[in-house]
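*Asks:* Spelled out from the first residue to the last, the chains are:
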Amino acid sequence: MEVGMTRPIRLLIVDDEQRLVETLSKRLTARGLYVEGVHSGPEALAVIQARPFDVALLDVRMPGMDGIAVLREAKKLQPLLQVIMLSGNASINAAVEGMRLGALEYLLKPANLDDVLAKIEEAFKKKRLEEEHLASQRQAGG
Amino acid sequence: MYLHSRVYAKMVAMIKIERSSRGALSPEAGAGRRARWAGTASHGRAATPPPGRRLRRTVLALLLVPPACLLLSALALLTWGPGGSLAFLIPVIAALAVWAALAWPLAARIRRELTALARQRDAFYEELLRLSRAASLGEVASSIAHDLNNPLAIMREEAGWIQDLMRGGDLQGAHTQAEIANALKQIDIQIERSREITQRLLQWGRDSAPQTESVDVNLLLNKTLYLLESELQAAGVRVVKELSPGLAQVRGGAPELRQVFLNLMKNALDAMRGQGGTMTLATRPERGGVRIEIRDTGPGIPAAAIEHIFEPFFTTKAANEGTGLGLPISRWIVEKVGGTLGVESREGAGASFHVTLPAGETLPDTGSGGR
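Note that the protein sequences, when read in sequence, are chains A and B. Heads up: take any position in the first sequence, counting from 1, add 5, and you land on my numbering. Heads up: take any position in the second sequence, counting from 1, add 511, and you land on my numbering.
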């Protein structure tokens, strides 16, 4: 992707539908992203704790720990991580809760890959801006 | 539940009727309710008092007669003095005769009023059942739409992946061929999965057709469970089945009993949502019929709430999650066929709802099924 310029976008896909993660990873990797996929909330948090990501695609409804709970914890681990929620149904409650907790977008399944990609790029831009902003603040402060 | 606001308004109007009929014979209800009825009457439209009020008047009249008789005899005794002629008995006998003459029509009237109350109550619950069935159809449809969107999302990505490969040019390579074959196979798998999901919706429609007179409880429990499967899984709820084989068929209509099971399972699910747990479905023969238990390992029902949970519109759930109708409707359905619905729960130790249903061979009685 041209957006990144210096490095590819680091994307984490979290969905209990294993095949969806697999194929989505292949398609997005083919588009120049660095993609990792996991199938549950605890796995996602372990990976987020281990390495930095720019954007996460996060399924709302998963067995055990749901997407909202993952979002809450993920934001503590990586405050700059941009999260795009992905859901099978238009639950207003989940969408509102997700936004309140700092998710950037709320997409409905089955989403069009071009739309998903556009949101990912948008999220990445936002993250870069926030990083630059933080860096300049730090410089001004130091 | 997805309830239209007009439907909700109608339910609220009905609950008022229900409350007035329920309060009819309970003494503590009298004092509190009188003021409200007085208020209703002053609107000018309540020309005839509600049946509950008429019934209380009748009972009051009946109860006043014996003290009146006693009073008359006491007066007679005082008038004639002890040791006098037996003439003092005349007013007593007269009073008793009057009372007997009054009691017969009054008793008949009480019977009539009670029947009217029972009928009104049945109409109330019939209507509630109709409304709640429509609401749960909405819920089932929403849940099924959600389940369907996952295979759809996978199919879209598989088709997209094939397109990606085609755009890549090299279609003859063994790797590309294998990828395409794999994607097509996956699409077929997801179509089969979708078909099973739509089958559930079709099954729901089929089971809603009236009116089987006897029901295989184990089969119906399994079918109902199927509707909630993905929701239970998403909530982290494990299901344990302790179903006795070879149970008698029970009395009742499949759509109505399914509504009961669905309500009880949904309550168990809601109690454990977020924290996970175990839902146990148990059946066993009991006194010629069947006993069904639906247990959860949720937080249990607070002691203060447990005596109210079968009252319409009482709910411990959040405003947009529960209407407080599931349990009262369930109890009504079960009692209508001569069964019982009860609960045991301690705070912090889960809840266990038990349903008993009589076997289906005997003819259903025509009783109107009050509490």
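Please keep in mind that the hints were generated in silico from the structure rather than gathered at the bench. Backbone N, C-alpha and C fix where the C-beta goes; we use that ideal spot for every residue, glycine too. Careful, some of the hints might be misleading.
Once the Cα atoms are required to be at most 20 angstroms apart in a straight line, the calculated SDA-like pairs of lysine to any residue come out as [as the list claims (entries may be wrong)]:
{"#": "1", "chain 1": "A", "residue 1": "Lys-31", "chain 2": "B", "residue 2": "His-686"}
{"#": "2", "chain 1": "A", "residue 1": "Lys-31", "chain 2": "B", "residue 2": "Ala-689"}
{"#": "3", "chain 1": "B", "residue 1": "Lys-734", "chain 2": "B", "residue 2": "Arg-802"}
{"#": "4", "chain 1": "A", "residue 1": "Lys-31", "chain 2": "B", "residue 2": "Asp-675"}
{"#": "5", "chain 1": "A", "residue 1": "Lys-31", "chain 2": "B", "residue 2": "Ile-691"}
{"#": "6", "chain 1": "B", "residue 1": "Lys-734", "chain 2": "B", "residue 2": "Leu-659"}
Not everything, but these chain B residues come out facing chain A in the computed CB check (under 8 angstroms) [claimed, not checked]:
{"#": "7", "residue": "Ala-652"}
{"#": "8", "residue": "Ser-653"}
{"#": "9", "residue": "Ala-656"}
{"#": "10", "residue": "His-657"}
{"#": "11", "residue": "Asn-660"}
{"#": "12", "residue": "Asn-661"}
{"#": "13", "residue": "Leu-663"}
{"#": "14", "residue": "Ile-665"}
{"#": "15", "residue": "Glu-668"}
{"#": "16", "residue": "Glu-669"}
{"#": "17", "residue": "Trp-672"}
{"#": "18", "residue": "Asp-675"}
{"#": "19", "residue": "Gln-697"}
Listing some non-contacts, in silico: residues in chain A with all C-beta distances to chain B over 12 angstroms [said to hold, decoys possible]:
{"#": "20", "residue": "Arg-24"}
{"#": "21", "residue": "Pro-57"}
{"#": "22", "residue": "Val-65"}
{"#": "23", "residue": "Gly-107"}
*Asks:* Name the hints, by number, that the structure is in violation of.
*Replies:* Checked against the structure, the hints that fail are numbers 7, 20 and 22, while the rest are satisfied.
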